[in-house]
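*Asks:* Protein chains in written order, with my numbering: chain A, 1057 to 1393; chain B, 3 to 109; chain C, 10 to 243; chain D, 71 to 608.
Read the hints as simulated data drawn from the structure, not as lab findings. Any given hint could be a false lead.
[Said to hold, decoys possible] As a list, the in silico DSSO-like pairs of lysine-lysine whose alpha-carbon atoms are at most 27 Å apart:
#1 A/K1363 / A/K1167
#2 A/K1189 / A/K1162
#3 C/K204 / D/K180
#4 A/K1226 / A/K1189
#5 A/K1276 / A/K1189
#6 A/K1167 / A/K1189
#7 C/K110 / C/K132
#8 B/K70 / C/K155
#9 A/K1111 / D/K409
#10 A/K1276 / A/K1313
#11 D/K491 / D/K409
#12 A/K1111 / D/K180
#13 A/K1111 / A/K1167
#14 A/K1313 / C/K132
#15 C/K204 / C/K110
#16 A/K1276 / A/K1363
#17 A/K1162 / A/K1313
#18 C/K132 / B/K11
Owing to the predicted nature of the structure, the values given are computational and were not obtained by experimental measurement.
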Amino acid sequence: MLQSIPFLPPEASTHATQVDLLFLFISSVVVFFSSLIAILVIVFAIRYRRSTHRKATQIEGSLALEIGWTVIPLGITMIIFVWGTVLFFGLNRPPAQSMEIYGVGKQWMWKFEHMDGQREINELHVPVGRDVKIILASQDVIHSFFVPAFRVKSDVIPGRYTYAWFRATKTGRYHLFCSQYCGTMHSGMVGEVIVMEPADYEQWLAGGPTEGSLAQNGEKLFQQLACNTCHRSDAAARGPNLAAVFGSTVTLNDGRKVTADENYIRESILNPQAKVVQGFQPIMPTFQGQVSEEGLLQLVEYVKSLKSQQAMPNDNRNPATVSPSEATTPKAKVPSK
Amino acid sequence: MSEHVVPIKTYVIIFLALLLGTGVTVWASFADLDFQLSGHTFPGSVIVALVIACTKATLVILFFMHVKYSSRLTWAVVIAGFFWLILLLALTMNDYAFRGLLTYPSQ
Amino acid sequence: MSDNAHTSPAVATHPALQHHFDDMEQQREASSLGMWVFLMTEVMFFGGLFLGYLVYRTSYPGAFAAGSMTLNVTLGAINTAVLIGSSFTMAMAVWSAQMGKRGLLMMFLVLTMVLGTAFLGIKAVEYHEKWETHHVPGKYFQFHEKVPGTDVPADPRNAQIFFFLYFGMTGMHALHMIIGMGIMTYLLITAYQGKYGPDYHTPVENGGLYWHFVDIVWIFLFPLLYLIAHRGGH
Amino acid sequence: MTERHEHVNYLNANYGIRSWLLTTDHKRIAILYLVSITLFFFIGGAMAVLFRLELLTPQSDLVTLDTYNKLFTMHGIMMVFFFLIPSIPAVLGNFLVPMMIGAKDLAFPKINLLSWYIFIAGGALTLYAVIAGGVDTGWTFYTPLSTGFLNTHVITAAVGIFISGFSSILTGLNFIVTIHRMRAPGLTWFRMPLFVWAHYATSIIQILGTPVIAITLLLVGAERLFHVGVFDPNLGGDPVLFQHMFWFYSHPAVYIMILPGMGVISEIVPCFSRKRIFGYSFIAFSSIAIAVFGFLVWGHHMFTAGMSVYAAMVFSILSFLVAIPSAVKVFNWTATMYKGSISYRTPMLYAFGFIGLFTIGGLTGLFLASLGVDVHVHDTYFIIAHFHYIMVGGMVMAYLGGIHFWWPKITGRMYPEGWAKLSALIIFVGFNLTFFPQFILGYMGMPRRYGAYAPEFQVLNVMSTAGASILGIGYLLPMIYLTWSMRYGQRAGDNPFGATGLEWQTASPPPTHNFEHPPIVHSEAYDYEHVEEMPVVG
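Input sequences plus hints: build the corresponding full structure.
*Replies:* Below is the structure:
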């Protein structure tokens, strides 16, 4: 409906429509007040011009007016604040059942990896009508994942994960820009988001060559790095059992509670001492420099894939070593030497 | 000249108080002052150290730097300076303290 | 807030009165206010470093504690006492100037400088110690300490941030001390020339304000850098 | 007005290059600043011309992408740190603050001169970085790009800015002390011109904000030089911390730029409306409110930067709050014109332009303070358009308006009115043509700092470049005719516009000590009821 307005970029996500509504609301406020000021200035300038209005009438001020033009704009801005904040919260809270895709930004390209292992560069295929959450990592500097047609933007920051999510409403090809200046070829770090009918998407997924799903590759890496010597569910475990860790609340040895999200898993691999699970010794070494950004994504995805299982794949007993304080979920983190 | 001359005795007392504060801080760091409050452990010696540091700084500002005897303007400048420092620290920590909040859907 | 507008033209012209001030009182108040405003910019300057410290200390408490453990508390405490002593002698120098006691003023300035030099000397010993143990951030940085209270090695990267902040903060502080020594030298020379008396001693006062400020920075640096680990242990 | 051809003034009191380079007279230092920032303005402007030409076509053809990146970086650095920040405070403020409060000079004249030398040293170093090959970090120096990934003269430029920061601090310090301690008898706080209030507020920001960027740039330099540091994620640091520290200064810096401009407008509007300013104390306090609240909103530059959602919310609401005092000012200026007796002299034309463009610039800030919309427009041309409406549409308009308004006082000569009106018009038209299309470009999604862009953005970019050429001419004109007028302009009397304010009660140009007799103030500012009629000409 808003598409009839020229100069609006395509509206291709549920979020885009909402942003445009707020945009139009603020625009009307802006147009109203700037016209008001412009008209007043012009009218006064002509009406009270010196050639016809020789003598100015001295006016000190007016408390009522001052209060009026303080309070009224304040009220309007508070409406905009609440409205914009609600939209923003929605944008920062991906629906729980989102389909997930990993994205890595590097100078100067975008790489995406789908759950089943398909990889693509500077193109992102997504199905229409599904919630899609992109988990973003950067290999070098700060980039920013920006799809104007979805009104979605998220900086991609080295050293941690950030997220963007959307639900595309229209098939088509849309711009993907890097919007955070990232060096020489910044303006070349562009790509396309290709929104397809779900059936076409499935077909596309099936078409590409893959070397195993993300989680499978992650599992291989998990064994390669010997993570499983400590992260196990039997009594010999020196690290927390990772089954069902993801998404749970973890109690740390200093009493803090954190949610085990992607950043937590990532940090636990790279900086194991930062958050140590209650009941465990901080004995895990760092894997900084040993795992690539993509390898990290695979490991994270592997840990996530254990979410539905009750225990580590090699063992289905419940973890004995986990502190009893957290009945709901054992926690993650670290071990091995 | 309308300035205030602080008696030597005051300076000596402040000097001794500052030395005492230093001693207590060092002692506190070797004592185990951690305490528990609603499930969290608080590092008692760090808290003691910071409280003493703030007290010492206040003493220096008030007496050695004569602020106690200075105009309201000087007070305003000092307060503004530290107020802005707190703004810098507090608003930045406002980010770090709440990182991760809301970013993942509750399961 | 002393809305002091200019009062009547100078009663008696003091040799130190600058042409654009009406009288010595106005000149003194202007200088003093200027000094205070300058010190507040210094607060914000160090504030940036304190912010870095706060952020990383809360992010990497273990590595910071481990790094802190390697610092020499004895030397740090001695240095704190030395600096407080120098603040005391500086305050006495200002008092001597107010009283017009030129000899005392010079003596206290010299004492302040002696204590300042002692501080810098002890600091140099500490820096040397850090150099020997490869705790200076950079290419040759090594760190094998354990997080206090555990037998886990602290992450050297995070410990390096601690030492970067340690050297950044204490180095910036030491630089201010060195500048302060320059100011003391100037004050000593001018005091010798007999420029200061009960009527005019603003430079001594402002030099004192600066010196005390540098002292205050150290009052915070000492616990933050040296004492954050639980040396008492658990 | 009586002719005073022969009176001794600050310009002819003595001659020779030494008498200028070693002067401690605030008026001469203001002239030194005027000359130097004009130089930096045209260097920065030349870069803008080059990259606007590059943007005529979607491809990267006129210059390489590397060069393009250097051009916009140096444009930003030159304009922000070496033109906008010193512009009004260091030129008009330096010249006028002591005169407006009836003082003989600033409180610390030698420090004032020192601050100019520091400024020149910083500027020279930065210019050296340009000539030696340029910098391509963007004026924002974001880490880790600036510390680990670029091969250019980052440290030189950062040190240049670091140095020039001290100039800004010293200027602010000087103003604060001067305003507190050197006011003429009878000049209470609420009799001060609003220009002085605005500079007081500006000075607060300068002294409390600038040190933070100084230490931040030092840390960037250290990280780059020694590969140790606090911002590089590979070293365990957090690049977002850099953004916090950078914007803690650089957002309030926006108010360093615009507040003095607001002060200028508060002088011009009453004078050419022959009317007391409407709501004096509200305008005065709104300046202070802007200075204080301006420090609390830096996070709105980081809404998409991975900050915590909660912090983003806090920064958002504070950003809306800071809009209010600006709105109050605009309403008060408009109300001042009501029932005035308005003449369309050049400074007033610039004031009209300022009010209109600043209103648009300020109101478009609502999009950016609003979290939901900001996510979309952040880092696009929408931002570019928004801050150029404030910085160029607002601040440069006010600066030029102020230069024209006080030109007779500074030089003793009138500017040529016809040419001045023409160039004001050209600037207004050129400005809007340059920057209005960029709002649309931004909402359409064109990211900033793109040397090559998608073809559908071309039409608007061509419009923008066309506008920029007009704008360029508009800026060259005043430079030419103002220079001309220094010699050939009509002699101005002491008070050619019939303005209130102590600066108009002394000769034009003023004597070295500003006033023959120390002034005593008996009335409030903008007492236009009791001022003689505006002279027809100077």
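*Asks:* For each hint, tell me whether it holds in the structure or not.
*Replies:* Hint-by-hint comparison with the structure:
no. : hint              : in the structure
1   : A/K1363 / A/K1167 : 26 Å, holds
2   : A/K1189 / A/K1162 : 19 Å, holds
3   : C/K204 / D/K180   : 20 Å, holds
4   : A/K1226 / A/K1189 : 17 Å, holds
5   : A/K1276 / A/K1189 : 25 Å, holds
6   : A/K1167 / A/K1189 : 15 Å, holds
7   : C/K110 / C/K132   : 33 Å, violated
8   : B/K70 / C/K155    : 46 Å, violated
9   : A/K1111 / D/K409  : 9 Å, holds
10  : A/K1276 / A/K1313 : 30 Å, violated
11  : D/K491 / D/K409   : 24 Å, holds
12  : A/K1111 / D/K180  : 46 Å, violated
13  : A/K1111 / A/K1167 : 71 Å, violated
14  : A/K1313 / C/K132  : 41 Å, violated
15  : C/K204 / C/K110   : 12 Å, holds
16  : A/K1276 / A/K1363 : 17 Å, holds
17  : A/K1162 / A/K1313 : 33 Å, violated
18  : C/K132 / B/K11    : 31 Å, violated
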